[in-house]
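Engineer: Each chain, letter by letter, is given below.
Number of protein chains: 2
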Amino acid sequence: MRRLLPLMLLALLTAPPAFSDAGMWTFHDFPHELLKREHGADIDSAWLDRVRTSTIRLSNCTASFISPEGLILTNHHCAEACLDEHSTGEQNLVRAGFLARTRDKELKCGAQNADVLVGMENVSARVLAAIKGLDDKTANETRKKTLAQLEQACEDASKGAASGALKCESVDLYQGGQYWLYKYHRYDDVRLVFAPERGIAAFGGDPDNFQFPRWCLDMSVLRAYGADGKPATTPHFLALRADGPQDKELVFVSGHPGSTQRLLTVAQLQTLRDVDLPRWLLRASELRGRYIQFGKTGAEANRIVEDPLNGLENAIKVRRNQLEALLDERLMQRKRTEEAALRAKVAADPALAGTGDPWADIARAEVRYRELSLPYTFLEQGAGFNSRLFAYARTLVRGAAERSKANTDRLHEYRETALPRVQKRLLAPVPVYPQLEKLTLSFSLERMREWLGPDAPAVRQLMSKESPDSLTASAVDGSKLADPAVRKQLWEGGQAAIDASHDPMIELARAVDAEARTVRKQQEDEVEAPVQAAAQKIARVRFKVYGTSVAPDATFTLRLNFGTVQGWREGSQEVEPFTHTARLFERATGQEPFKVPDSWLAVKAQLDPQTRFDLSTNNDIVGGNSGSPLIDTKGRLVGLMFDGNIHSIAGDYWFDPKLNRAVAVDTPIILEALRKVYKAKELLAEMGEK
Amino acid sequence: MRRLLPLMLLALLTAPPAFSDAGMWTFHDFPHELLKREHGADIDSAWLDRVRTSTIRLSNCTASFISPEGLILTNHHCAEACLDEHSTGEQNLVRAGFLARTRDKELKCGAQNADVLVGMENVSARVLAAIKGLDDKTANETRKKTLAQLEQACEDASKGAASGALKCESVDLYQGGQYWLYKYHRYDDVRLVFAPERGIAAFGGDPDNFQFPRWCLDMSVLRAYGADGKPATTPHFLALRADGPQDKELVFVSGHPGSTQRLLTVAQLQTLRDVDLPRWLLRASELRGRYIQFGKTGAEANRIVEDPLNGLENAIKVRRNQLEALLDERLMQRKRTEEAALRAKVAADPALAGTGDPWADIARAEVRYRELSLPYTFLEQGAGFNSRLFAYARTLVRGAAERSKANTDRLHEYRETALPRVQKRLLAPVPVYPQLEKLTLSFSLERMREWLGPDAPAVRQLMSKESPDSLTASAVDGSKLADPAVRKQLWEGGQAAIDASHDPMIELARAVDAEARTVRKQQEDEVEAPVQAAAQKIARVRFKVYGTSVAPDATFTLRLNFGTVQGWREGSQEVEPFTHTARLFERATGQEPFKVPDSWLAVKAQLDPQTRFDLSTNNDIVGGNSGSPLIDTKGRLVGLMFDGNIHSIAGDYWFDPKLNRAVAVDTPIILEALRKVYKAKELLAEMGEK
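Protein chains in written order, with the numbering used here: chain A, 1299 to 1988; chain B, 1299 to 1988.
Mixed in with the good hints there might be a few duds.
Repeated chains share a single entry, so a pair holds when one copy, or any two copies, can fit it.
Derived lysine-lysine pairs resembling DSS-like cross-links, with alpha carbons at most 30 Å apart [to be verified]: (1) 1736 <-> 1615; (2) 1902 <-> 1763; (3) 1722 <-> 1443; (4) 1406 <-> 1442; (5) 1615 <-> 1594; (6) 1736 <-> 1594.
By construction, these hints were calculated from the structure, which means they are not laboratory data.
Please construct the entire structure, taking both the sequences and the accompanying hints into account.
Structural biologist: Printed below as a string of structure tokens:
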């Protein structure tokens, strides 16, 4: 969508810009006309429905059904937490890979869900009616309550229906321009079927992350199970097209892009550039150093730190390049131009009189945000308490307090509709590593003391006679919250159980709760509320001027995007859109992370060096799209998205059609690997391949 | 000086700004008129000469003579490397402190010098004559050669003189506006006499660094020895004034501010903001995390990492706040205004015709710098090879090659005049810790691979079959360069010895030398040369407009600054300029870094709780001023500078008279501690105190 906004604006100012396929479109407002105009193609509603219900939202990624019996294709890195959950010091599944040759060997992923979007309802009119005429603060509170009521009513109505109970989630599109209820069928039971070794899934590791050409088999296979404990029946699925797509072929990505900031104002982008991103990067870089050094203390330390380190390094690369994008004067200048054009529209159009200056309102709120940002980040957002045990403790402490309130009065993450997910996360039997807990908690307490200062109230309260290390040691060693049974007891025991608990982690969470809630309330009333009100005004203006020809920012809800298989020109170099197996072996150093697994070396002679491996397209995707299917016009799966090139990171703020590329695993290597390396006959048969 | 520049510019534009005492003045251009006008005071040339020759430049700090027998007062953190040098796993002098009750117990600081500025000669005319009419690249080379010749001639002339051989160093003031030869008497033999425990020297540690109020006894005492191995005779020294200065009293700081960037153009400041500072901070933050985690692996690890960690944390705090300052739109706007005013002067003044647009020249060079900056930083500046052993290896490899060339053809750090310092650093018997070497080298190789990319030539050359860890292990374990005797042999053996060496660290340094030299040459010819030429033009314009009423940027050469004892207003809070002993004990948590040493707790009852501890002034100081004497109008020592408040960090780019404060140890606590805590009778007697 970002491309259309500047396209139209630039059209007013200068010559029309180059063609591109940016835009993460909703399934309910898909731009058929645009697709026809640009590609001479169309897709019908049956295509849309089938693709939508074949697409899956995992807790952290996208995925798709690839068989009628619930088989799911996604990335290796989307299943890494599950692999980790089933690993031990003796058996490291992340590194070794996994294959269940029979269904009884499939491994349950404790914290994973699979959601399928089965219904979408526009509730904008009801929300707007509820907040009409209210001041910003009250409107913000009322909006949240209204959405909570709508979600609850939707879930209640679905209970006992033949098609099963639904998960209903409200969706805010266009920064308050539209409100929707999205209705999901949820599979609570997701199991691991297959994963290759991390060495081939993430060949090149962090150095190659966000790079192309690439040679990664970043795939894993899961399966959805029904409430009856049997493999789910999934008549809608995507068949693999064995030869992959052609160069320049029209292709679609269906998935859940996490978030983009393309409709933010210049003031908001400046806060990201000057405050949020630099501070986050400093903290994350230090944590990276601590993780790496910890990993060098032994094989087990190395194993348990691998998953969090991978996630952190990925996030650092993303945010570092986001910061670079925002430091690029061209981007900021374009944003200023867009903003000026929209402001000019407001000034010129009598129908928009009364809009006021929402851009200035947001700029004022941003000033307040900068004041609140440190305590808000450390106390409420948890940057001061980076620990799984603390997260459990906060959930228990807040969960008890919130559940005793009326549903609409609760913090949104404890509303009835949200509780099943909260509970699942809280009670999942995932391993807790005390050494890692100490590392992250001590680190975050130390940084909280540094950034808030030794004389800040929360710091004095916690550390007037303690150091970050001593406080951490007593909290982690003394806590029993690593045991799911203890958590269950405290969760079910409610406020009385929490009040009676002397668990030191519960005590820590209790100690900072009031101050954290206070700063959250300030943030909501003094930043979120005026920003929400102003953004809604800007959205109204934007609608008036552009309609839905501009796509909404990504919100980790289902979107469909079209593009073509494309290389690009990097400086003076032409980058081809396909890679092949031959170069994988040439590029291997024999040392991590450029080490090809033994399973591949053993069958190297049988592998066709010309097999296509990874490919690049100009589809507009961001984080959250990991695991998305790449689909041809006939609705067949022609690739598995897993990354973008380095320029794609700037896609959070704008889409540069010349440089921004998405990266997928090509289907030929998926089939070749399953067949020749992993000899996964059963899996191939289920996918309809011999 | 910064204040005068905006003062004059603002005078043209708006009302005159508030009064302030910014300006790091040279001793040869001290603004007597200004001092009279603002404080109704003056100092005569005898005062200036005595203060100048009582002030000492250490290798990393400032210091001053406080007795006629070579006794030197400086900060604890300036002597930490020396304390470290004499520490072992059993005896940690950094933590435990040290007191030599007799001179034969004083400990030699292997890498320390004490330089006293005994002569200053303006050589601008000679340099400008030499480069007249040359193109930028040739001018840049010729300038360096001319300065090398002048330094050499100066040193040669002093040899055999009755007053002893001098160290002559060229100084570039006003970015090429003036060139001077500064002549130093050097004491090669500096020994440690006294240091308190780090717990009291740096009470509050990193959390309190750059904060005020403070309670730090950041002092140490050294002694200069003559070539005859006897304590130096130093008739010029500063006597302590026991009661310290009064609030609002006029005070001077004599010292060596390291560097400021107040005369940089907007384009240069933007490069710092967008490129250099963020990248440095990311690397440093990760290294900080690695250091901290390494320190947790044991007592010895904790000890050996303490000194580098302290230095790193200090640098991170500085650069983080520098970045914040540059992200402050007020600062950038002021710089733009200043630049526009100066450009307007050029346009309006026929005498300045032919100046061209040096600001645009610099902006163009900055674009080129951004392209070169990654390979330049990693390969030439050593960010890819962070290791003491590698630094030795590079010195040996380059030293051999450079010493075989004519003096004026060498890289400037290997000119004859520079060799004694190079040799001293190379051969000093400082400890090398293999574990720490591996940590830093592996880290920096890994980041080099990340930032330059796995396919960059240097990365492929070093790591096509190696990982950062494996390459590091073989280089560190296999190297013999930790032994000073081996280094001496290789240094004295020259090119033949280097060519014959198979030491893996020498091999590593040899492997990257050509590429590092290439990028250095590009940087010098395509960035440094045009910037130097343009800056010289701007300096000429500035002189024409403001004369020497603007002080030059700091260059780690001797400066004198005046100000007054001052608190400030922090938000709604009035900060008093003095702290007292009572609050030290109240603020102690019993945990590092807020733990008062046992020696103080043992005599707590004898200490006067009202003794003044630290103080703040509005003197304009920056890093390098650490250890500087604070001096009253009678030339007595009334404090020991050791820090600034958090606002002082922005002093690199501008001086904010409302907020920028320097922080000193007050003299009453120095005497109280020496008398009651450390019972250092001998030291007190030598300082003329009972």
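Engineer: As a check of your reading, is residue 1406 near residue 1442 (CA-CA no more than 30 Å) within one copy, between copies, both or neither?
Structural biologist: Neither: 35 Å inside a chain and 70 Å across chains, both beyond 30 Å.
Engineer: Could you figure out if residue 1736 and residue 1594 sit no more than 30 Å apart (CA to CA) within one copy, between two copies, both or neither?
Structural biologist: This pair counts as both: shortest intra-copy Cα distance 16 Å, inter-copy 11 Å.
Engineer: Is it within a copy, between copies, both, or neither that the alpha carbon of residue 1902 lies no farther than 30 Å from that of residue 1763?
Structural biologist: between (61 Å within a copy, 19 Å between copies)
Engineer: Check residue 1722 against residue 1443 for me: Cα-Cα at most 30 Å, and say if that holds within a copy, between copies, both or neither.
Structural biologist: The answer is within: 24 Å in one copy meets 30 Å, while 72 Å across copies does not.
Engineer: For residue 1615 and residue 1594, with the copy left unspecified, which applies at a CA distance of at most 30 Å: within, between, both, or neither?
Structural biologist: Classified as both; 22 Å inside a copy, 27 Å across copies.
Engineer: What label fits residue 1736 with residue 1615 when the C-alpha limit is 30 Å: within, between, both, or neither?
Structural biologist: both (25 Å within a copy, 24 Å between copies)
Checked against the numbered hints given earlier, this structure breaks only hint 4.
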